[in-house]
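Q: Listed in order, the protein sequences are those of chains A and B. Start counting the first sequence at 63; every next residue gets the next number (this note's numbering). Start counting the second sequence at 44; every next residue gets the next number (this note's numbering).
Keep in mind that the hints are not guaranteed to be accurate.
[Stated by the list, open to error] Between beta-carbon pairs, the in silico distance windows are:
1. B:Val-219 / A:Lys-603: 35 to 41 Å
2. A:Pro-385 / B:Glu-161: 16 to 22 Å
3. A:Asp-542 / B:Lys-45: 56 to 62 Å
4. B:Gly-151 / A:Gln-177: 22 to 28 Å
Think of the hints as simulated: they come from the structure by calculation, not from any bench. This one's a predicted model, so the numbers in the text were calculated from it and none came from an experiment. Ideal Cβ placement from N, Cα and C applies to all residues, glycine included.
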Amino acid sequence: MLGNEAIARGAYEAGVKVSAAYPGTPSTEISENLVQYKDSLYCEWAPNEKVATEVAIGASISGVRSMASMKHVGFNVAADPLYTAAYTGVNGGMMMVVADDPGMYSSQNEQDTRQIARAAQVPVLEPADSAEAKEFTKLAFEYSEKYDTPVILRTTTRLAHSQGLVELNERVEVEDKPYERNVGKFVMMPGNAIKRHLVVEQRMKDMAEDANDFAINRAEYNDKSIGFITSGIPYLYVKEVMPEASVLKLGCVHPLPKKLIQEFASKVDKLYIFEELEPVIEEQVKSWGIEAIGKEVFTLQGEYSSALLRKVFNLNGEEVMAPAQVPARPPILCPGCPHRSVYSVLKKMKIHAAGDIGCYTLGAVAPLSVVDTTICMGASISTLHGMEKAKGSEYIKDWVAVIGDSTFMHTGVNSLINMVYNQSHGTVMILDNSTTGMTGHQDHAATGKTLQGEEVPAINIYHLCKSIGIENVYEVNAFDIEELEKIVKRETRRDAVSVIITKSPCVLLKSNHFTKKCKPLSEKCKKCGACLKPGCPALTKAEDGTILIDETMCNGCGLCKNLCKFEAIEEVDA
Amino acid sequence: MKTRNIMIVGVGGQGTLLTSRILGGIAIHAGYDVKLSEVHGMAQRGGSVVTFVRYGDKVEEPIVEVGQADVLIAFERLEALRYIHYLKKDGVLIVNDWRIDPITVVTGVAEYPEHILEDLEKTHTVYRVNAMEEAKKLGNSRVFNIIVLGLAAKYMDYTKEDWLTVIENTVPSKTVEINKKAFELGYSI
Ligand SMILES: Cc1ncc(C[n+]2csc(CCOP(=O)(O)OP(=O)(O)O)c2C)c(N)n1
Numbered sequence: 063m064l065g066n067e068a069i070a071r072g073a074y075e076a077g078v079k080v081s082a083a084y085p086g087t088p089s090t091e092i093s094e095n096l097v098q099y100k101d102s103l104y105c106e107w108a109p110n111e112k113v114a115t116e117v118a119i120g121a122s123i124s125g126v127r128s129m130a131s132m133k134h135v136g137f138n139v140a141a142d143p144l145y146t147a148a149y150t151g152v153n154g155g156m157m158m159v160v161a162d163d164p165g166m167y168s169s170q171n172e173q174d175t176r177q178i179a180r181a182a183q184v185p186v187l188e189p190a191d192s193a194e195a196k197e198f199t200k201l202a203f204e205y206s207e208k209y210d211t212p213v214i215l216r217t218t219t220r221l222a223h224s225q226g227l228v229e230l231n232e233r234v235e236v237e238d239k240p241y242e243r244n245v246g247k248f249v250m251m252p253g254n255a256i257k258r259h260l261v262v263e264q265r266m267k268d269m270a271e272d273a274n275d276f277a278i279n280r281a282e283y284n285d286k287s288i289g290f291i292t293s294g295i296p297y298l299y300v301k302e303v304m305p306e307a308s309v310l311k312l313g314c315v316h317p318l319p320k321k322l323i324q325e326f327a328s329k330v331d332k333l334y335i336f337e338e339l340e341p342v343i344e345e346q347v348k349s350w351g352i353e354a355i356g357k358e359v360f361t362l363q364g365e366y367s368s369a370l371l372r373k374v375f376n377l378n379g380e381e382v383m384a385p386a387q388v389p390a391r392p393p394i395l396c397p398g399c400p401h402r403s404v405y406s407v408l409k410k411m412k413i414h415a416a417g418d419i420g421c422y423t424l425g426a427v428a429p430l431s432v433v434d435t436t437i438c439m440g441a442s443i444s445t446l447h448g449m450e451k452a453k454g455s456e457y458i459k460d461w462v463a464v465i466g467d468s469t470f471m472h473t474g475v476n477s478l479i480n481m482v483y484n485q486s487h488g489t490v491m492i493l494d495n496s497t498t499g500m501t502g503h504q505d506h507a508a509t510g511k512t513l514q515g516e517e518v519p520a521i522n523i524y525h526l527c528k529s530i531g532i533e534n535v536y537e538v539n540a541f542d543i544e545e546l547e548k549i550v551k552r553e554t555r556r557d558a559v560s561v562i563i564t565k566s567p568c569v570l571l572k573s574n575h576f577t578k579k580c581k582p583l584s585e586k587c588k589k590c591g592a593c594l595k596p597g598c599p600a601l602t603k604a605e606d607g608t609i610l611i612d613e614t615m616c617n618g619c620g621l622c623k624n625l626c627k628f629e630a631i632e633e634v635d636a
Numbered sequence: 044m045k046t047r048n049i050m051i052v053g054v055g056g057q058g059t060l061l062t063s064r065i066l067g068g069i070a071i072h073a074g075y076d077v078k079l080s081e082v083h084g085m086a087q088r089g090g091s092v093v094t095f096v097r098y099g100d101k102v103e104e105p106i107v108e109v110g111q112a113d114v115l116i117a118f119e120r121l122e123a124l125r126y127i128h129y130l131k132k133d134g135v136l137i138v139n140d141w142r143i144d145p146i147t148v149v150t151g152v153a154e155y156p157e158h159i160l161e162d163l164e165k166t167h168t169v170y171r172v173n174a175m176e177e178a179k180k181l182g183n184s185r186v187f188n189i190i191v192l193g194l195a196a197k198y199m200d201y202t203k204e205d206w207l208t209v210i211e212n213t214v215p216s217k218t219v220e221i222n223k224k225a226f227e228l229g230y231s232i
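The shape of chain A in the complex, shown without the other chains (with noise of 0.2 Å):
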């Protein structure tokens, strides 16, 4: 089972009722795979990390078990709700998975969870393999309940997405807890907040105190002379690395089981910490006075692995091969792709976007180079709008705020109520491809679809942009290149904000048939190039100059054919 499949076991398992999230790599397969129980819980996509936690918090306050997933950056949005909801504590056990990204496979930022949990004051379970993932799933809502508070579970991209044994138990029923009504407890005012604050540093110390003892907190005595304080996928390496070594192996990293902590580091010769990312437990087991060895000589960015520990304690055997000098193959966007089709446009009339977190991110690397700034979901539309508002409106007028659709709903609508309010005069670009592309095709508000696979009203982008107050609201097919740029064109230099949404499917989803192929028509190839600028992938040159396109890759979009000038691309049946 992957990672994340053990995770949404361990739910189904504990009895969970309630789940909500928002998609991000690698959290998004809990949810894909949580819906196979839905006749036992009930699960959703929210449009953002912060609802998703909102509805777990509601959820739990009923009664019931109740969890909320996302990735890491997901926690920074959801971060308002948790930091208070760890003050008021749960009625129902609360988890919420938060997957870090360490060597940043897929994200903006390499942040680290725990960081967070601390100052939130917040437990925090880190698992090692499927097995654990599952396992700790089902501590962390006892351990919920039993100190009443959300308990994070964290875990990584690495255990996310690899795959161990795991042994299925039966789901447990468990009794919904009573609700009472209790407003010093769930209504967080400064008079029952001030009293609520002391509950959880004591409860926090009573959890220190408790976790000595835990199962999961575990010291492996072998060789002495070094001892290593690791948890989650790391605890793997040294396994692998250095079987002999005595190791403390932390399956709550948060609180401290300083006790624990202190009677082995008494034990062993020489202390190593090995933990991925920031030095959350080496600072901690520092100020204690114990000494160690941890972001002295291991890394604090990237992924960790076996070959970290075998530099560090010089257990290289043999030589190994270095690697061969290769181009890179970065990813990009997938031919027929929308976005692509979007970007040759701007890109001809050199405009320059604000861009967003999606597939369309892509459109920032060559040959596309049209978006200039990327920093987090949503950020597209208030960036556009603070440059108009440092440089004024004419600064802007070769400038364009790009946005797909599930970044709309999950941030950006907000952005946009600003626009119309502070008067802007910005162009808003929303890339309608009807999903959630970037992380494996998820379904939101706007798709008409949901996580349960019910069709739902969906919410109307343009109509929801008129009712907001926006006159100038046009939509466009993607592919209709002439139509977009004249579009774009008056939109730009229109004294008023604008959006422009443009409607294709993603390539990818399934409900996407393709019936077309281009096909290159050599003898009428007047070797220009122009075809080639987008980057389509199925496009290459031949010896000759002329274009080849491999049939296996192209989905007949017709960018390509659009764009010569000389009828050398035909559309072919498929």
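Put chain B with the ligand on the given structure of chain A with help from the hints.
A: Frame of chain A, contents of chain B with the ligand only:
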């Protein structure tokens, strides 16, 4: 049994995940401990993709280290070259003799290396197949990865019957027959 290390490398969209699922399934079928590590998300958009499969009596980490792969399965030539340093000296490279230009080559920033397989054959044991052509002959170019898997299967610890059972249990029911045919084709090379 000592842990065996398999790697599958290719270009996002080539179906590395299906292949690794079959490799995981067969290890379980044969009663081994097994760990797999995949990369989802960004890497799938036409980027370079690598999947690790480790099986044996007891497997700790899910990643294969440099110089430790027993079998390297490459769905594309350049990707074979990119990951060749993971292969053990006496390991085997199974490669789909196929070229997909990365965007860096298409835009002229980099050049696609010539004679990749000829050069690799000088230092390593290489078995190659133009699986794309073979798959087209079978009538479905998508099953090329199962042809490559069939060729690789000869260098692993399972019987042909085991493979066919696991393929039947893993691929979508509509495609069982064509996938089995593809496997047999690769296995017979
Ligand atoms: C706060 C936050 N949550 C989740 C993610 C993960 N994520 C990256 S892009 C994306 C959505 C992309 O969908 P859309 O905007 O529709 O664009 P598409 O990829 O379909 O072009 C998500 C959920 C993130 N980066 N930040």
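Q: Confirm or reject the claim that Gly-151 of chain B and Gln-177 of chain A have a C-beta distance inside 22 to 28 Å.
A: violated (43 Å)
Q: Take the C-beta atom of Pro-385 of chain A and the C-beta atom of Glu-161 of chain B, compute their distance, and say whether it sits inside 16 to 22 Å.
A: holds (19 Å)
Q: Taking the CB of Val-219 of chain B and the CB of Lys-603 of chain A, does the distance hold inside 35 to 41 Å?
A: holds (40 Å)
Q: Honestly, do Asp-542 of chain A and Lys-45 of chain B meet the 56 to 62 Å range at C-beta?
A: Holds, at about 60 Å.
Of the numbered hints stated above, the single one contradicted by the structure is hint 4.
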